[in-house]
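Chemist: The lines below spell out each chain.
Number of protein chains: 2
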Amino acid sequence: MQRYFLQREAFGSDLVELPADVVHHIGTVLRGGPGYQLVLLDGTGFEYVAEVVTLDKKSGTARVVEKREATTELPVDVTLAYALPKGDKVELVAQKGTELGMHHLLVFESKRSVAKWDAKKVPKKLERLQKIMQEAAEQSYRAVVPTCAYLTPKELTARFNAYDAVVLAYEEVAKHGEGSAFATVLTAARPGSKLLLLVGPEGGFDEAEVAGWIEAGAVPCAFGPRILRSETAPLYALSAISYALELN
Amino acid sequence: MQRYFLQREAFGSDLVELPADVVHHIGTVLRGGPGYQLVLLDGTGFEYVAEVVTLDKKSGTARVVEKREATTELPVDVTLAYALPKGDKVELVAQKGTELGMHHLLVFESKRSVAKWDAKKVPKKLERLQKIMQEAAEQSYRAVVPTCAYLTPKELTARFNAYDAVVLAYEEVAKHGEGSAFATVLTAARPGSKLLLLVGPEGGFDEAEVAGWIEAGAVPCAFGPRILRSETAPLYALSAISYALELN
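The listed protein sequences derive, respectively, from chains A and R.
As numbered in my numbering, residues 1 to 248 make up the first sequence, in order.
As numbered in my numbering, residues 249 to 496 make up the second sequence, in order.
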């Protein structure tokens with residue numbers, strides 16, 4: 001069944017008003033009408049099986065048949081802090097990260113980030129990432145749309161205490177055969193644990209940055225012995241989290 | 249150190265002739281010359297630490313200082329059979345799959361593959377994938393360049409017996425909460441085991457195809473409870489294989 005995220009306020013009664021974009025998608029793209037079955041999501045972890053009651057050109061309603069807790073969220077809360085990469089890689093990571101269960105995306109400029117976001121353009125850039133994540137969340141059966149924000153490295157470090165563990169993707173330890181730190185973190189994770197993944201840009205993190213983060217509590221981890229591209233490392237980490245915590 | 253795959257025959261003596269593209273890369277792109285240190289690879293799992301001895305415009309030689317077995321290959325041999333997706337997704341999967349340790353890529357047309365490869369263009373398409381995989385192998389510190397081939401679904405099924413396990417990525421089981429089949433396969437894997445991963449196109453596999461493959465021995469597996477896009481599923485599977493077999 002097609003899935004749509006609505007504003008949380010839309011779920012006041014059993015009869016839900018459908019927003020214009022959903023009406024358009026059901027009526028024009030999918031050629032659906034009254035009786036069409038769908039799943040509505042309130043973005044807080046609940047899903048509502050519903051049936052279209054009325055559908056006009058610009059408005060429509062659906063009746064909720066069943067409310068249930070979604071079972072598609074990772075058991076831990078994962079924030080990805082991703083140092084701005086070149087080109088549209090951050091969009092690829094926003095999309096794939098959402099499919100793989102990421103809950104929050106924090107974008108920041110590290111010392112070796114070649115790309116920069118002009119301060120004036122930040123709201124527009126975040127809006128675009130948010131749209132990509134909402135579409136990916138609907139398509140991948142997520143019950144929550146990840147959030148995104150842009151911050152400075154200093155603001156990022158100041159947040160470390162809010163997490164149960166901070167995992168630093170660090171290719172230098174991969175080259176030297178490190179192979180257990182990430183598994184140790186995941187073995188210690190409990191339902192509801194908050195994990196922060198820290199991933200650098202194409203050139204990797206600067207040594208001084210790494211030293212500062214380790215001092216602040218980050219655990220340097222290798223994601224296998226191969227050297228992954230900047231945009232591949234978050235996908236590895238999220239897949240491994242799912243495998244370790246969901247598939248056993 | 250920069251890494252280059254050479255033909256296996258190049259390693260007859262300690263003094264290795266460098267091919268023209270490597271000479272160009274070292275001399276013109278990296279501005280290196282005699283004394284420049286690099287790693288040469290024979291594609292069979294060995295790496296050779298070497299030093300440039302002579303470097304002219306179009307020719308050059310390097311002396312091997314040390315030959316060693318590479319430690320960056322997955323302990324199991326993984327073949328990805330990927331049903332032709334739309335657009336350039338197969339290129340993304342070739343690149344990322346190489347970074348994540350894939351050994352062979354088999355491309356085939358499944359019933360719901362919208363994209364088709366014109367028979368005349370197959371060699372050119374495979375050549376392009378091979379080039380992408382070689383570059384990704386050099387960049388990710390692989391010791392082997394994955395191979396690729398194009399075949400029919402029938403030829404694919406006929407090969408099932410050559411593998412210790414055939415993992416079928418099947419989203420229908422993901423929707424119904426399956427969560428242990430993939431872990432069971434990986435727990436049974438031993439060093440040198442041969443695994444075949446079978447991943448469908450955007451619309452997923454057709455039910456008859458699935459039934460045929462299961463009858464031929466494939467194990468339907470979910471890669472977590474979320475529904476992954478066609479190009480994300482192989483990356484999840486390869487990351488999980490690395491996590492399960494390399495990071496413990």
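Accuracy of the hints is not assured; some may be wrong.
Here's a subset of chain A near chain R, in silico, CB distances under 8 Å, partners left out [as the list claims (entries may be wrong)]:
1. Ala20
2. His24
3. Val39
4. Gly43
5. Pro75
6. Leu100
7. Gly101
8. His103
9. His104
10. Phe108
11. Glu138
12. Val145
13. Thr147
14. Ser242
15. Tyr243
16. Leu247
Simulated coverage check for chain R against chain A, where a stretch passes if three residues somewhere in it have a Cβ under 8 Å from a Cβ of chain A [what the hints assert, rightly or not]:
17. 388-399
18. 425-431
19. 448-456
20. 471-484
Okay, derived cross-link-like pairs now, EDC-like style, lysine to aspartate or glutamate, Cα gap no bigger than 20 Å in a straight line [what the hints assert, rightly or not]:
21. R:Lys305 x R:Glu321
22. R:Lys423 x A:Glu69
23. A:Lys111 x A:Glu17
24. R:Lys402 x R:Glu339
25. R:Lys337 x A:Glu91
26. A:Lys111 x A:Glu127
27. A:Lys89 x R:Glu457
28. A:Lys86 x R:Glu321
29. A:Lys86 x R:Glu357
30. R:Lys423 x A:Glu66
31. A:Lys175 x R:Glu357
32. A:Lys89 x R:Glu357
33. A:Lys57 x A:Asp88
34. R:Lys423 x A:Glu135
35. R:Lys337 x A:Glu17
36. A:Lys89 x R:Glu383
37. R:Lys337 x A:Glu135
38. A:Lys121 x A:Asp88
39. R:Lys315 x R:Glu357
40. R:Lys423 x A:Glu73
If you're looking for bench data, these hints aren't it; they were derived computationally from the structure.
For every residue, glycine included, the Cβ atom is placed at its ideal position computed from N, Cα and C.
Chemist: If a hint holds in the structure, say so; if it doesn't, say that too.
Modeler: Consistency of the hints with the structure:
Given hint, Ala20 (chain A) at the interface with chain R, is violated; its Cβ is 26 Å from that chain's nearest Cβ, farther than 8 Å. Contact between His24 (chain A) and chain R, as hinted, is not supported at the beta carbon level, the nearest pair being about 22 Å apart and thus beyond 8 Å. Taken as an interface hint, Val39 (chain A) does not check out: its beta carbon lies about 12 Å from the nearest beta carbon of chain R, beyond 8 Å. Nearest Cβ of chain R to the Cβ of Gly43 (chain A): about 16 Å, over the 8 Å cut. The hint is violated.
A distance limit of 8 Å between C-beta atoms decides the matter here; for Pro75 (chain A) the minimum to chain R is near 10 Å, and the interface restraint is violated. The beta carbon of Leu100 (chain A) comes within 7 Å of a beta carbon in chain R, closer than 8 Å, and the hint placing it at the interface holds. Taking 8 Å as the C-beta cut-off, the interface hint given for Gly101 (chain A) holds, the closest approach to chain R being about 6 Å. Hint on His103 (chain A) is violated. Least Cβ distance to chain R is approximately 13 Å, over the 8 Å limit.
At its closest, the beta carbon of His104 (chain A) sits 16 Å from a beta carbon of chain R; the interface hint therefore is violated under the 8 Å criterion. With a least beta-carbon distance of about 24 Å to chain R, the hint placing Phe108 (chain A) at the interface is violated under the 8 Å criterion. With 8 Å as the threshold, the beta carbon of Glu138 (chain A) stays out of range of chain R, its nearest partner Cβ sitting at about 10 Å, so the hint is violated. Annotation: interface hint on Val145 (chain A) violated; nearest CB of chain R at approximately 13 Å, more than 8 Å.
Because the closest C-beta pair between Thr147 (chain A) and chain R is about 17 Å apart, greater than 8 Å, the hint is violated. For the restraint placing Ser242 (chain A) at the interface with chain R, the shortest Cβ-Cβ distance is roughly 4 Å, inside the 8 Å limit, so the hint holds. The closest approach between the C-beta of Tyr243 (chain A) and any C-beta of chain R is roughly 4 Å, which is under the 8 Å cut-off, so the hint is satisfied. Against a cut-off of 8 Å between C-beta atoms, the interface hint on Leu247 (chain A) holds, since the closest Cβ of chain R lies about 5 Å away.
Counting residues of the stretch 388-399 of chain R whose beta carbon lies closer than 8 Å to any beta carbon of chain A gives 3, which meets the minimum of three for the stated coverage. Given a C-beta distance limit of less than 8 Å, the hint that chain A covers the stretch 425-431 of chain R holds, as 5 residues qualify and 3 suffice. Counting residues of the stretch 448-456 of chain R whose CB lies closer than 8 Å to any CB of chain A gives 0, so the stated coverage by that chain is violated, three being the minimum. Counting residues of the stretch 471-484 of chain R whose beta carbon lies closer than 8 Å to any beta carbon of chain A gives 10, which meets the minimum of three for the stated coverage.
Of the supplied pair hints, the one linking Lys305 (chain R) and Glu321 (chain R) is violated, its CA atoms being roughly 34 Å apart against a limit of 20 Å. Distance check on the hinted pair: Lys423 (chain R) and Glu69 (chain A) sit about 14 Å apart at the alpha-carbon level, within 20 Å; holds. Restraint check: the Cα-Cα separation between Lys111 (chain A) and Glu17 (chain A) comes to about 48 Å, which exceeds 20 Å; the hinted pair is violated. Proximity of Lys402 (chain R) to Glu339 (chain R) is assessed by CA-CA distance (about 24 Å); at most 20 Å being required, the pair is judged violated.
A C-alpha spacing of about 15 Å is found between Lys337 (chain R) and Glu91 (chain A), which places the hinted pair at or below 20 Å, so the restraint holds. Distance hint between Lys111 (chain A) and Glu127 (chain A) is unfulfilled; the C-alpha atoms sit about 25 Å from each other, more than 20 Å. As the CA atoms of Lys89 (chain A) and Glu457 (chain R) are separated by approximately 34 Å, the hinted pair breaks the 20 Å bound. This hinted pair does not check out: Lys86 (chain A) and Glu321 (chain R) have alpha carbons roughly 28 Å apart, beyond 20 Å.
With a CA separation close to 33 Å, the supplied pair Lys86 (chain A) and Glu357 (chain R) exceeds the 20 Å bound. Of the pairs offered as hints, the one joining Lys423 (chain R) and Glu66 (chain A) holds, with about 17 Å between alpha carbons and a cut-off of 20 Å not exceeded. For a cut-off of 20 Å, the pair hint linking Lys175 (chain A) to Glu357 (chain R) is broken: about 38 Å separates their Cα positions. For the hint linking Lys89 (chain A) to Glu357 (chain R), the alpha-carbon distance of about 28 Å lies beyond 20 Å, and the restraint is violated.
Between the alpha carbons of Lys57 (chain A) and Asp88 (chain A) the distance comes to roughly 35 Å, so the proposed pair goes past 20 Å and is violated. In summary, the hint linking Lys423 (chain R) to Glu135 (chain A) is supported, as the alpha carbons are separated by about 19 Å, within the 20 Å threshold. Taking the CA atoms of Lys337 (chain R) and Glu17 (chain A), the gap is near 37 Å; set against the 20 Å cutoff, the hint is violated. Taking the CA atoms of Lys89 (chain A) and Glu383 (chain R), the gap is about 18 Å. The hint holds against a cut of 20 Å.
For a cut-off of 20 Å, the pair hint linking Lys337 (chain R) to Glu135 (chain A) stands: about 18 Å separates their Cα positions. Restraint check for Lys121 (chain A) and Asp88 (chain A): satisfied, since their Cα atoms lie roughly 15 Å apart, inside the 20 Å limit. Under the criterion of a C-alpha separation no larger than 20 Å, the hint pairing Lys315 (chain R) with Glu357 (chain R) is inconsistent with the structure, at around 41 Å. For the suggested pair Lys423 (chain R) and Glu73 (chain A), the alpha carbons sit about 13 Å apart, so the restraint of at most 20 Å is met.
Comparing the model with each numbered hint stated earlier shows that hints 1, 2, 3, 4, 5, 8, 9, 10, 11, 12, 13, 19, 21, 23, 24, 26, 27, 28, 29, 31, 32, 33, 35 and 39 do not hold.
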